[in-house]
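Chemist: If you read the sequences in order, they're chains A and B.
Residue numbering for the first sequence follows our numbering, beginning at 1 and increasing consecutively.
Residue numbering for the second sequence follows our numbering, beginning at 1 and increasing consecutively.
Don't take each hint at face value.
[What the hints assert, rightly or not] Heads up, simulated SDA-like pairs for lysine to any residue below, C-alpha to C-alpha not over 20 angstroms straight-line:
no., chain 1, residue 1, chain 2, residue 2
1, A, K363, B, R103
2, A, K363, A, N327
3, A, K363, A, H484
4, A, K352, B, R24
5, A, K352, B, F73
Worth flagging that the hints you see were computed from the coordinates, not collected in a lab.
This one's a predicted model, so the numbers in the text were calculated from it and none came from an experiment.
Each chain is listed here by its residues.
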Amino acid sequence: MTAPDPVTLAPLTAQATAIARGDISVTALVDLYLARIDARQPTLNAFRAVDADGARAAAALADARLARGEGPAGRLFGVPIAIKDQLCTRGLVTSAGSRMLEHWRPPYDATAVARLRAEGAIILGKTNQDEFAMGSTSASCAFGPVRNPWDTNHVPGGSSGGSAAAVADFQAAAALGTDTGGSIRQPASFCGLVGIKPTWGRVSRYGAVAYASSLDQIGPIARTTADAALILEIIAGHDPADMGSLRDPVPAYSAIAAAADTMQGLRIGVPAELMGAGNSPDVANAVGEALARCEALGATLVPVNLPHTAFAIQTYYLIAMAEASSNLARYDGLRYGHRAQGDLELEELIAKTRAEAFGPEVKRRILLGTFALSAGYHEAFYGRAQQVRTLIRRDFDAAYTTCDIIACPTSPVTAPRLGEKHDDPLAMYLMDIDTVMSNLAGHCSLSLPIGQDGEGLPIGLQFMAPHLGEARIIAAAAAYEKHHPFEARPTDGGAQ
Amino acid sequence: MSAPQNTDKAPQQAPHIDIHHVARLARIALTEAEATAFAADLDHMLVYFASLGTLDLDGVPPLTEPESGPTLFRPDVAGPVLDRTEALSQAPAHDGAAFIVPRVV
Numbered sequence: 001m002t003a004p005d006p007v008t009l010a011p012l013t014a015q016a017t018a019i020a021r022g023d024i025s026v027t028a029l030v031d032l033y034l035a036r037i038d039a040r041q042p043t044l045n046a047f048r049a050v051d052a053d054g055a056r057a058a059a060a061l062a063d064a065r066l067a068r069g070e071g072p073a074g075r076l077f078g079v080p081i082a083i084k085d086q087l088c089t090r091g092l093v094t095s096a097g098s099r100m101l102e103h104w105r106p107p108y109d110a111t112a113v114a115r116l117r118a119e120g121a122i123i124l125g126k127t128n129q130d131e132f133a134m135g136s137t138s139a140s141c142a143f144g145p146v147r148n149p150w151d152t153n154h155v156p157g158g159s160s161g162g163s164a165a166a167v168a169d170f171q172a173a174a175a176l177g178t179d180t181g182g183s184i185r186q187p188a189s190f191c192g193l194v195g196i197k198p199t200w201g202r203v204s205r206y207g208a209v210a211y212a213s214s215l216d217q218i219g220p221i222a223r224t225t226a227d228a229a230l231i232l233e234i235i236a237g238h239d240p241a242d243m244g245s246l247r248d249p250v251p252a253y254s255a256i257a258a259a260a261d262t263m264q265g266l267r268i269g270v271p272a273e274l275m276g277a278g279n280s281p282d283v284a285n286a287v288g289e290a291l292a293r294c295e296a297l298g299a300t301l302v303p304v305n306l307p308h309t310a311f312a313i314q315t316y317y318l319i320a321m322a323e324a325s326s327n328l329a330r331y332d333g334l335r336y337g338h339r340a341q342g343d344l345e346l347e348e349l350i351a352k353t354r355a356e357a358f359g360p361e362v363k364r365r366i367l368l369g370t371f372a373l374s375a376g377y378h379e380a381f382y383g384r385a386q387q388v389r390t391l392i393r394r395d396f397d398a399a400y401t402t403c404d405i406i407a408c409p410t411s412p413v414t415a416p417r418l419g420e421k422h423d424d425p426l427a428m429y430l431m432d433i434d435t436v437m438s439n440l441a442g443h444c445s446l447s448l449p450i451g452q453d454g455e456g457l458p459i460g461l462q463f464m465a466p467h468l469g470e471a472r473i474i475a476a477a478a479a480y481e482k483h484h485p486f487e488a489r490p491t492d493g494g495a496q
Numbered sequence: 001m002s003a004p005q006n007t008d009k010a011p012q013q014a015p016h017i018d019i020h021h022v023a024r025l026a027r028i029a030l031t032e033a034e035a036t037a038f039a040a041d042l043d044h045m046l047v048y049f050a051s052l053g054t055l056d057l058d059g060v061p062p063l064t065e066p067e068s069g070p071t072l073f074r075p076d077v078a079g080p081v082l083d084r085t086e087a088l089s090q091a092p093a094h095d096g097a098a099f100i101v102p103r104v105v
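Next comes chain A alone, as it looks inside the complex (with noise of 0.2 angstroms):
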C-alpha cells in the first residue's frame, strides 16, 4: 500500500511554492500522484479514467521549462489536479458517469478547464461521479461507486464524490466539481475538505455537460479555503462562450483569502428553518460550536427566516428535473455516443438507445421532469416551481439587509452507509435541504469542515452570501480556517 508522500500533504499553495523553489521536480510529484492513484483506486473508485501519460508529458515540459531558467508559468505550475468526469477533457474520455457517454473524448476542453492548463496545471484524469450529476452519494455512477476515505462503508457524497474522494485520500491537490443543488458543497462536507459554489454565471459552464442550466455552476474541491480561492480566481471571469457568463471583473481571492483573520464587525444571519430537529445531534452540536468561535473572533449572529423553506425541495426537483429532461434530449444515439443495435426505425432507435444506456436514477429524473413540462400538467408544477424560486429569492433579499452571510449546516447528516436510503429517492432528496436553496436563488455558497461525528466522518458548515459575494465567504472561511484549521486526515481504509 502507497501512503500519501508528505509533500502531497500540503495544500495547493504550498505544493506550488515547493516546484517554484525546486524542492521538487513536477515530474516526481505528478509520479507520486499517480502512483497513490494506482494504489487507492481498487479501494475508492476514485477515477473514472487516469492520464498517466498526458500528465507525465505535461510535467517533463514543465520541468525543461524550469531546467532552461525560464521559471514557473502560472500560478498552478506543476501542481496535479483531477477534473469531475462531468467536464469536457479535450482528447480524454467524458462520460460524466454514464454509459450514454463511456467512449466519448471531446473535441474541446471546458473554459475552466482550459484555464487550470493555461495556469500550468497537470490534469490527473477524470473522476467519478453520480450519473450525470443527478444524485447526492456518487453510489449510482455506471462505473461503480465511490467510496468514502474516511470509512469505506460510506459514501463520499455526491454528485462530485469522485473529485471530494480524490482529494480527502491525496490523490490530487485538489479538483474540479459541478454543484446544481449540492454536488460540491455536499461531498465537500462528508470529505472533510472546503468547496465552493460560485454565483451563478461566475464560473463559464461552457463545456461542462448541461444538467440543469439555470443551476448549474462549476467550483472548487480543495484542502483549504486558501486552495479554493485560488483556483476560483483562475476559472472565473467572463466567457463568450456562455451567454450566462457574468461580466463582472474577477476580485484576487486569494489575496482576500491571505489576508483574513477575524471576524470582526461580520453579521452572520443565523436561519431557523436550517437549525432545527432535522439535523442530526453530531452535525447540530458541531454547527453550534463553529458558531461560538465565530462570535469569539469577532462576528455577531443574527436570527433571520427564510419562511419558503419548507418548499425548497420540491422547487429544486420540479426546476431541476424539468431543466434536465430537456438538457439530456439530446442523447439520441444519432451522433455521438451510445446507439442501440438492430434494424430500427428513428424512433425506436432513439427509445432504445436511452434505454439502454441510461441508468435508473436518470430514468427516473427525466420522466419526472417530461411529465411536469407536459401539456396540461406545465403551469401547475413547473411554473408554480418558478414563482416559488421567486419568492425563495426574495426570502433571502430580506434576510441580507439584517446580515452579510447566512450560516448553517451543509448537511443535516453526515456521509452515510453506501446503499442506505437507496430503495427510497424522495429520502435521498430531502437530504439537499440545505444546499438547493443557495442554487435556486443564484447565490454563492461554501463548505468548510468544522469537526466529526461520533464515528470520525466530518461534518461541514455552510456560509451563503448574496450575488457576486464570494469575497465575503471566502474571507469568513480563511478567517475561521486560520484559527480552527481542520487538522484531522483519513488514514487509509478508516477514520482516524
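Keeping the supplied structure of chain A fixed, place chain B upon it in accordance with the hints.
Modeler: Quick look at chain B alone, frame taken from chain A:
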C-alpha cells in the same frame, strides 16, 4: 393516447401519472417492471411536490434564470468551427460527410 387534462392552475391533489405516455414523450423505452416501479416512485413524489399548490402565488412572477441581463450579441462574423472530420469521428455511423441515421421522413 392524449395527455390527461388538468387545466387547474394549482394542483390541489397529486395527479396519477400516465407513465407510458410520459415515457413516449421522454423517448425512453421502459420494461413493464420499470414502468410499474417508476409510476409508483413518481406518484409518491408528486404527492410531495403538489404541496406547492398550498401557496398563494397570485402576482408572483417566475424566476426563470438567476440573472437576466440584456441579450449580448457578437459581431456577425464567421469564426472557427468544429472540423467535420473531428465532428464525425465518434459518430455511431457516418459516410465521411454526414451522420448515418434511420429514415427520418
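Chemist: Against each hint, give a clear statement of whether it holds in the structure.
Modeler: Verification of the supplied hints:
Of the supplied pair hints, the one linking K363/A and R103/B is violated, its CA atoms being roughly 26 angstroms apart against a limit of 20 angstroms. Using a Cα cut-off of 20 angstroms, the hinted pair K363/A and N327/A holds, with the two alpha carbons roughly 13 angstroms apart. About 43 angstroms separates the Cα atoms of K363/A and H484/A, which puts this hinted pair outside 20 angstroms; it is violated. Proposed proximity of K352/A and R24/B is supported: the alpha carbons are some 11 angstroms apart, at most 20 angstroms.
Between the alpha carbons of K352/A and F73/B the distance comes to roughly 39 angstroms, so the proposed pair goes past 20 angstroms and is violated.
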